[in-house]
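Required output: the full structure, derived from the provided sequences and hints.
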Amino acid sequence: MVASQDFSGAVKVLDEAIDETRQDYTAAQFRLVQLHLNRGICNQRLHLNRKALKDYDAVLALMPSNVNALLRKGQVLQSMGKQAEARVVWEAATSLADPASDLEVLLEIQAALAGNTSSSSTPAAAPSSPQPAPAATANGTTAAAAQELAPASAAAAIAEADGAAAAAEGASSSTAPAAAAAAPAAPSTSSSSQPKSKITKGFFSKASASDASSHPAAKSPAAAAANKAAPAAATAAPKAQPRGSSSARSSDSADAVVEIDCAAEQEQQQVQGVGGGAAAAGSFGAQVQQMATNSVALQIAINQINGGQVEQAEALLDSILASNPSDLSALVARGTARALARKLKEAVADFTKAIEIEPRYPDTYKRRGQARSALGDVQGALTDLEKAAQLLAELPGGAADAAGGPADCHAERGMLFHKQRDYRRAVKELAKATELDPSNAQAWNYLGLGRVSMGDIREGCKAYEKAIELAPQMKEAWLNLGQALKEEGRVKEAERALTKAMTSADGGACLAAYRLLATMRQGQGRQADAIKVLDKALGFKREDQRVELLYMRAICYHALGYARAALADYEACMNCKPRVDEGPAGEESRMFQFLSFYQREMALFTAHSLDRRAADFCLDSELTPLFKECWCKKGAPSPELFTSYKMQPALPAERSSGSGRGSSSGAEGGADAEQVAALTAAADVIGQLLQNHHQGFLPNVRQQRAAGYAAAELAQAVRALLAERAAGREGLWVNSEGASGQGGCSGRHLFGWRDAMDIVVKWRQLAEPADQVVWVDLLTPREFEAGFGSHTPMFSGQTKCVRYFMNFNRALELAKECLLEKGHAYDAQNREVGLGGEDKQEAVRKARSALELYRVIGQDSWVVVPLHSLHKAQQQQQQGSSAAAAASNGNTSSSRPGTSGSSRPGSSSGSSSRAAPKRISDAMVPPLCIEGTRLTLVKVPNQPDAVEFSIRTPVTPPRWREFDAELEAAWERLIDAMLRGDKPAAAAAILCYAYYWYNFMPLARGTAAVGYTTMLGLFWAAGMPISQPIPTDYQPIPTDYQVDWEAILAKHPQQFIDRLSRWFVPEDALPVPPLPSTSASSSSSSSSAGASPAASPRGGSSSSSSSSSSNKVVAAAKALPDVQQMPAVAEVLATLRQRLKALNGPDAKPV
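Residue 1 is where the sequence shown starts when you use the numbering used here, and the numbers rise one by one after that.
In case anyone wonders, no lab produced these hints; they're calculated from the structure. Warning: the hint list may mix true and false statements.
As the list claims (entries may be wrong) - Each computed DSBU-like pair below joins lysine-lysine, with the alpha-carbon atoms no more than 35 Å apart:
#, residue 1, residue 2
1, K428, K345
2, K1112, K1149
3, K82, K353
4, K822, K800
5, K462, K532
6, K343, K353
Predicted model, so just to flag it, every value in this text is computed and none were measured.
What follows is the structure in structure tokens.
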């Protein structure tokens, strides 16, 4: 094998021999020394330096005075660029030498210490028996030929090779092999101080050898010449890279090695095309010279590749392959050089040819896989990396012996799967990589990315933490950890991680940390703090990030009411040069520029209205419907918008003092500080109850304060309405100018359910003006008719949506229930998609994932959740079945003038407005039901095994009329219960009202927060303020649901009431009575997927309310004063300027 240069096969045999020797404790030491030494030489020939060092250290552990091992160890260290360490090793060898030491080895060590070593530290192949050879030929002709092949940049290296060869000639001219110029001479196979080792199975020849010096008989004149001249190294495996180096040992079994006729193969190679006698000998001598020349040139090329001189290396390797096109090492080396030069197709061709020559070398598959990946051939790359991992895993000693090899292949496969968004396979591969190599910090980091991408944030954080433990300075891991913690809502821990990432000298990672920190602070309602961070981030002057950073700072200024600063940033953002790249980053950058246009108009609109009364201000009715529609869609302004929309006028010149519209001094209309402080204290207490303690929800103090003000204002308005009703009057009359339901009309109307919601909506709009919180029915008629509505995924592709996946199992069961009840779903054109026979229905029942259910149905589809209509049921009871059929679309008596929506399309007034064409939902829900949410299954494009499972609520005019009627009826019930002073009935009516609001989803966004704030305000108005925060567990049944989803996933309002009665309803309103008109269908549905346990005294405290912070919130909420004893919010905070100042706090600069 050695004679035929099959060092991979030799390593295989030596592995087996070492394993056998370790099991034989009789005289094993000397045998192990020689076996490790031989395997080290083979690994050194293959440029597997780390493995060679391991073998030489094993020799020295058994025999510290073995000068042969010290020589080889020094050569490996020298080839690794560790000259000083190599010299220390060689000096130690000379100090240990004695008369029994191998003289030839000592002479080589002396030459090395004299600085006359070969440029290549790879040992030559050991001949069967050392024979004298003309050193002059090796030193002169071979090196000179290599110099002719090498470019000018390699001349110095070849000159060094000449000097080394000359030194070797002087040291041992009678015994040096012909390839001395290419590498130091091979050691004698046995030392005088060591017993001879018997190695059979054709290691040195086909026939068994009695000792290490025996050699096969020549089978031809050419073969005889081969025995007289030492064969040179024809090829050398390419130098392994620092990461992912792999062994080139054969994956064949030991028995297969026995069958290989190495001597015959060598003979055939040497005499091919050559006659006998002197002609054959002369030809072979020329071959030897060429092989030695190529060996020197190859080592120079490898050094050039490692030094970054890939063009020079490629030229040198071209010359080598011109003389020997099948040189395996040169092919792999040139492929590597071409890959580094981004000549990827040529690199793949080189690696492919190398694989054809030697299909057992795993590193070639790995390198070809990397090149294919860079070319975009992901499948080809995955196949190659899988093959490389397989070959490495099959090596003797397994993956542990090939440290990093299989692990790196699995890690790279994981990264490729992650790029394809195939997160399941990515996590599987990366988990395997970390199992094989637990010290691979990069694999742990990518494993964290994969798990977070799947929505498993807590598991992802653990992987990031492991990566940081292994590599504390890995800024990517700190950055990823900070982002994951932010997504989970663990803000303090996230801030610590991001602060750590900011200490990086790498500008990119540091800037990303600043951006994430600013995003988190903005999400916490800490806009002023976010601006400070963004100022630093913009100081990096990164043009590719400038658009996003300017937009983020602009919306922070906008929220605080600092219009001039916001306008400057919006305009700077719009004036940035648009990015031309087509990737997600380019699309996002252009979206920020489009949004800057809309937000600039919004900022101007608000700035011109700062000193208007909030009651008379209505963004929804005053802004053009088309403008709001384009804003919601976040796309480029349409040509239609530019032709119909009148741009907002610019701000007047800034004044240092004065008053009037647009004034920035804030001097006019200053609210009473004590009254504002009293309102703020109560608002902050009630607003904290809005916080959802599930993952993904940041505690936004600004929105919480706005919710507190809104709840107080709503409660005071309801108290005023109750006072009017109690006095026998019709109700509370309010101005129509600022009411969304009146379209900005002049005059007055009676306060109704939509006016109540307007109070909360306006506060939500003011607190975060970058959110598109607008009424859907006030978009363009075209969009309203088309069914513009909300869309909330629970599972998207292969990702659990952080906030809402907790509702997935319950929603999936409800979708299956609705599907089985109807016997079909609907497609995008509202056509029925039938289930077919019983086998499909059974498959639906067994489906446990969105993907399984999608495969059963076979296409994109949706089902609708039918909601029991109390309004229709009451009408049926009052008017009889015939009257109910005539009014089956839902009708609300508008006996009182001014009820909400009385004069707009889609309102509940007038029976003629309900004589609409037959709705698609007529066939979708039972007669006494209305259309709830749609549970939707859609195939995700360009992602394997991926579907989206979401809720959608298209808001169309027919659906609007039904919910308008339902909410009006629910509003009247709660007002009547409050007038009677019946707290349990009032509680039931409020929750019923909230149930229909949540299912209605009439806002483009913000429906959930507005609905919960409304419940807080209505219970406060009823004299029973809420004191319990939202729990993470509803005891005694441990679940993890959210309040709005409790309504969305319930078919009957009674189910929603029952669940919230366990923790939300104050004790003085318990027990909550059942709703009127509760039909048998509602009770039967209580056992369904959307079911809840029957109402009962609340059991156990939630995990959130058991904490000390929650206990403080509860105590403060219980101490809230009666809302009527507080200053009137509508009077103390009458204008937009006063409201912005109150939201900003007393220490903020004037608006």
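Here's how the hints hold up against the structure:
no., hint, in the structure
1, K428 <-> K345, "holds, 30 Å"
2, K1112 <-> K1149, "holds, 31 Å"
3, K82 <-> K353, "holds, 34 Å"
4, K822 <-> K800, "holds, 28 Å"
5, K462 <-> K532, "holds, 31 Å"
6, K343 <-> K353, "holds, 16 Å"
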